[in-house]
Amino acid sequence: MTRHAWKSPFALKSTIAAVFAVSLLGGTAAFADAVTDATVAFLMPDQASTRYEQHDYPGFVAEMKKLCPGCKVIYQNADADAARQQQQFNSVISQGAKAIVLDPVDSTAAASLVKLAQSQGVKVIAYDRPIPTAPADFYVSFNNEGIGKAIADSLVEHLKALKVDPAGGGLLQINGSPTDAAAGLIKKGIHEGLDNSGYPILAEFDTPEWAPPKAQQWASGQITRFGSKILGVVAANDGTGGGAIAAFKAAGVDPVPPVTGNDATIAALQLIIAGDQYNTISKPSEIVAAAAANVAVKLLSGETPKAEMTLYDTPSQLFTPAVVTQENLKAEIIDKKINTAAELCVDRYAEGCKKLGITN
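Residues -32 to -1, 1 to 328, numbered by mature numbering (1 follows the signal peptide of the UniProt record, and there is no 0), are exactly what the sequence shown covers, in order.
Hint data in this document are derived by calculation from the structure and do not stem from the laboratory.
All values derive from a computational prediction rather than experimental measurement.
Heads up, a few of these hints could be off.
The calculated PhoX-like cross-link candidates involving lysine-lysine, where the alpha carbons are at most 20 Å apart (straight line), are [stated by the list, open to error]:
{"hint": "1", "residue 1": "K66", "residue 2": "K40"}
{"hint": "2", "residue 1": "K304", "residue 2": "K322"}
{"hint": "3", "residue 1": "K128", "residue 2": "K197"}
{"hint": "4", "residue 1": "K117", "residue 2": "K128"}
Throw the hints in and build the complete structure from the sequences for me.
Structure representation (structure tokens):
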């Protein structure tokens, strides 16, 4: 699927964060007029999460429109198919793309794409998921290892506050896709949070393609195997966490043990409001999308974007997200205008919103 840029204007929801992102990359004044008509591709990995169409792409387009109104943006989504992403990558190069923002389906396979592009003078910005075996020109993301540790730490603190005794029980760990290097970083962070927590990991699963049904199927098997020994679930994103919650509900487990998430999708926020999910990570994708646009324009203008660190031999800019629970959902999501009460507090979630002080 391919869409071009300026059909649906988008207002960035987190103005302060966006300004912060731009300032870290050196601002826009020095290069806004340098490139005027380049083609830039924005290639996303899958549709298992709604974020790419709802947040990342519109945020990227909005920033590109400000920085380079004459530039053309090509958007495509690989739908979790690495071969399809390779075809899309080749296609946008043939269409004249001079910079490609790539969120890879398969981080290892993407190395050949980086080498191909760079051999033809095309800049590659790794987005969200790093490409470990072939340095891209730049990498922008939230801190994935930090995300994993944060959700694990949050769950452990919650269990300890409830005085949940780990004796004889433990946690399930549901990771992301084994072909996604970002999932590997989240997994590493989760282990940092859990390994010395006192709460053992009963079982662990790498979820192919981040697919919620596969996470649900695995969790169902673990519920049969461990039953009430499951004290909580550390899931690497909202989709896999939602799959685990669905498995508990299908098994008649009530209440559902605390389950983590990541991405702050509307569905997950509603599960938190309802008390079915314990936490998620708020990482407004528009922030990283805007940063990627800034990097693309700087690279096309012959400038060097400002990096705060090097990861996998790639200059990188990583942003810090926020853990969201019932306690701070209003402050982190509603007050910061990431989502509105009208979006979240519908139907059966209205009563939960009232209890949390969230009103239209």
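Hint check: K128 vs K197, CA-CA at most 20 Å. Holds or violated? 16 Å, holds
Check the hint pairing K304 with K322 against an upper bound of 20 Å on the C-alpha distance. 18 Å, holds
Compare the distance between the alpha carbons of K66 and K40 with 20 Å, and conclude whether the hinted pair is satisfied. 11 Å, holds
Are the Cα atoms of K117 and K128 separated by 20 Å or less? Status holds; Cα separation ~16 Å.
Checked against the numbered hints above, the structure breaks none of them.
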